[in-house]
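Each protein sequence line maps, in turn, to chains A and B.
If you read the first sequence in the UniProt record's numbering, its first letter stands for residue 1, the second for the next number, and so on.
If you read the second sequence in the UniProt record's numbering, its first letter stands for residue 1, the second for the next number, and so on.
I should point out that these hints are in silico values taken from the structure, not numbers from a laboratory.
The C-beta atom is built at its ideal place from N, Cα and C for all residues, glycine as well.
Please note that a few of the clues may not be correct.
Stated by the list, open to error - The calculated lysine to aspartate or glutamate pairs, modelled on EDC-like cross-linking and capped at a C-alpha distance of 16 angstroms, are:
#1 A:Lys53 to A:Glu3
#2 B:Lys53 to B:Glu3
#3 B:Lys53 to A:Glu116
#4 A:Lys53 to B:Glu64
What the hints assert, rightly or not - The following residues of chain A were derived to be distant from chain B, with all beta-carbon distances above 10 angstroms:
#5 Pro76
#6 Glu184
#7 Glu211
2 protein chains.
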Amino acid sequence: MGERIWTAGLAVIGDEILSGRTQDKNVSQIARWLNVQGIRLAEVRVVPDRTEKIVAAVNALRSENDYLFTTGGIGPTHDDITVDAIAAALGVAVVHHPAAVATLERYYESRGGVNEARLRMARVPDGAELIENRVSGAPGIKIGNVFILAGVPHITAGMLDALTGTLEGGRPVVSRTIGSWVAESEIAELLAAAERRHDGVAIGSYPFFREGRTGANFVVRATDPAVVDATIADLTASLEADGRQVIADGI
Amino acid sequence: MGERIWTAGLAVIGDEILSGRTQDKNVSQIARWLNVQGIRLAEVRVVPDRTEKIVAAVNALRSENDYLFTTGGIGPTHDDITVDAIAAALGVAVVHHPAAVATLERYYESRGGVNEARLRMARVPDGAELIENRVSGAPGIKIGNVFILAGVPHITAGMLDALTGTLEGGRPVVSRTIGSWVAESEIAELLAAAERRHDGVAIGSYPFFREGRTGANFVVRATDPAVVDATIADLTASLEADGRQVIADGI
């Protein structure tokens with residue numbers, strides 16, 4: 001029977017994303033990192049800094065997926081409510097994690113010392129473990145299948161780096177791309193037919209208009225590299241038989 | 001009591017976002033456009049090209065919000081299933097819209113003529129109206145409170161432009177920003193206190209590390225410009241009284 005697919009949900013927490021002030025960069029970096037771990041990003045929800053919205057997203061995504069990641073809202077200020085909201089979602093108390101307190105005391109020793117706001121960043125849902133933050137002071141948090149990460153992308157990246165290789169996953173999705181200066185609407189049936197001829201493969205068609213011309217990239221995705229290669233060969237042959245020039249690795 | 005807040009949900013539909021291949025640009029452009037219309041983006045869900053996931057997101061977001069926007073999946077190829085999924089969510093049939101057929105026939109007259117794939121882009125949930133596409137051939141679709149837009153950002157932008165001023169909303173959220181070269185953890189209580197002193201205002205704190213120094217921007221948001229101005233003045237005075245230099249309009 002089919003291989004086990006591991007999935008993750010992602011909750012992006014922050015008014016600044018929903019207001020349009022900040023361009024999110026975490027969806028794509030977490031998606032790519034997850035794929036290397038053999039885990040598929042199955043759904044993202046972007047929610048505001050409001051407890052009931054965070055709780056609803058966290059409970060939906062953690063139960064529907066093997067893993068849930070969250071970004072944002074773990075800083076020292078009043079608008080950082082992620083830890084409290086996730087503790088509420090899980091029905092556990094919020095406690096100060098001793099190792100996080102020690103880390104923050106060390107980090108702020110030469111930066112004016114800890115204060116109440118800084119110690120907020122040592123608060124975790126009861127029972128949580130820490131995720132190392134190699135970039136700044138405050139750690140990430142792991143509780144059950146929930147991974148609570150920072151929102152600032154380079155800090156998020158450091159936490160992902162610390163988690164690399166620690167999560168169980170399946171085979172990564174492999175993808176290859178070819179391109180052609182063709183309107184996708186001219187070869188739509190050809191694409192669909194190529195997808196039907198190969199099991200476990202998805203062909204995505206991504207059109208663009210560039211240098212005054214219409215083109216498209218075709219991305220073939222599957223967990224079996226041999227299936228990807230066979231589909232690329234088949235699709236290339238089909239396009240060429242239809243009189244289209246194919247550009248390896250896409251345009 | 002309190003003014004009516006108009007909200008929108010957004011469903012971003014596409015495997016290419018969830019795989020990390022494509023950086024989404026529509027969340028921020030739609031968020032900013034909505035704000036000008038006096039509508040708040042309340043939640044975003046990014047879902048794959050799978051009918052049941054699209055249906056679930058569409059039905060949740062359209063019932064929880066005044067409006068639902070979707071992006072992606074309305075092209076001519078086999079992976080474009082948004083129209084069918086939304087029709088399924090609404091429990092209506094899919095039909096060819098006569099005006100959309102006419103538009104596509106005109107658009108493709110000098111581009112090789114319509115074919116079956118191109119006519120797919122005239123398919124709409126029964127009862128829908130069209131949203132003008134000023135950039136390429138295929139129109140957007142409005143049905144009830146659901147607005148189905150293209151995924152390619154500059155085409156999305158053209159459809160938003162065609163919708164400008166047509167949606168009922170409330171007062172736009174006004175925001176002003178100040179900045180300071182300070183660690184947010186040093187002035188967290190000051191920020192929270194300033195927020196508490198003003199009704200209907202939210203203060204967001206956005207830290208960064210730049211030019212070797214720690215700083216933060218503080219964004220004050222409210223629908224009443226006078227409240228925003230008063231909060232900015234109050235927060236500026238509080239920071240200066242605390243010995244911090246305040247940079248107007250942020251860093």
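Hints, one by one, checked against the model:
1. A:Lys53 to A:Glu3: 34 angstroms, violated
2. B:Lys53 to B:Glu3: With a Cα-Cα distance of about 34 angstroms, the restraint between Lys53 (chain B) and Glu3 (chain B) is violated, given a limit of 16 angstroms.
3. B:Lys53 to A:Glu116: Distance of about 43 angstroms is beyond 16 angstroms: violated.
4. A:Lys53 to B:Glu64: 12 angstroms, holds
5. Pro76: 4 angstroms, violated
6. Glu184: Check fails; 5 angstroms does not lie beyond 10 angstroms.
7. Glu211: 15 angstroms, holds
Hints 1, 2, 3, 5 and 6, counting from the list given before, are not met by this structure.
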